[in-house]
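Student: Sequence:
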Amino acid sequence: MAAMIHFPHLAQPLLFQQASPAAWSSPPSVQKKPRKPRPVAFTAAAASYYRSRSPFMSCSASSSSTDPGSSGMGERKGSSSSLMDFPYLSPTHKDLMVDLLVATENRLGPHLLPSSVPPDVLSFQNEPAGTCKGALDIRSGAGGSTVDLILESWLHCELPFGVLDITTLFGFLSAETDAPHLFMEFAQNSPTSLVFFVDLLPRRDLVLHPDYLDHFYQQTPLEQARQRLETAAEVAPFQPSSLYFRGVLSPTAIAVSIDCGKEGARSMEEVMRDHVSGAAKEVTRVWLDTCAGGERRVTGSGDRAGLLERDNLIKTKAVEIDLGSNLPRLFGQDVAGRVVSTIQKAFRI
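Read in this note's numbering, the sequence shown has 229 at position 229, and its numbers run on one by one without any break.
A couple of the hints might just be wrong.
Straight-line Cα separation of at most 27 Å, DSS-like style, residue types lysine-lysine; simulated pairs [said to hold, decoys possible]:
1) 317 / 133
2) 317 / 345
3) 345 / 133
Derived by calculation from the structure, the hints in this document are not laboratory data.
Given these sequences and hints, build the entire structure.
Tutor: Okay, here's the thing in structure tokens:
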């Protein structure tokens, strides 16, 4: 779905152009000269649209072929993956998303309930034009699980300034643990331009809880993954415009723009394969190994209440910013109403 829960994160005017399986190891470090962050070239129209969104809801899933070298990469169970096969993504990008989602399913599947998303929300489009299409699936955690929900969606919109494709994976944990949430999103407007976010969203004040910072961020390879990705010549740091969104992110958040439109630059497929895939898989692996297993349990009822309040504020803010304003404009009031209602029910807000 359209990064449905998306905090406004495009700082500079985006130039949206008309759009004319990897291993789970990180790519080797590449040395390059220091450079200043370059602005992303997007049109003002795209900037206006994307600023009004927030990055927390646009996931994608798939049942297509997976990396034969990856252990246990088969068809995903319990999720309506036939509706989530990334029909508009490039082969490398599609393979990456499949690997991520199947790995998540293999690890967390036994702790998740079957999808209860209605058929007219699993797949939807604006009528009668059919210029905006989307798919959404949500699986809630089973009883006793520290997983709150896994949200997967994709959005493909033919907009006046070009075609926009957004895919997102969102893993939200319950208040039974204080471990970080997983957020990942790709926003692509042409074969040569892409914005990529991935982060483990902290749920504690890192100043007041230095042990939390050390356990989840300093003692894991998250910072190395971020630095390694930014060594690619086509990759530059991306500064979200929303101060609220920046406040939600961790110090190791990956927020980059990728521009393959320059003369001599590699193709987006090469950059995805050689750099982006490794970073995305590394962050997801850390989340599955360190966070989603539920090793850190919250015992005090007051502590759980505080975590739940914070999580619900983030969910509510995201829905208010993105769903209420953008979804009806893209899909019409009826379709938007069904999708929003389904998400609010899953979010329990």
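Student: Of all the hints numbered above, which does this structure not satisfy? Sort the numbers upward.
Tutor: none
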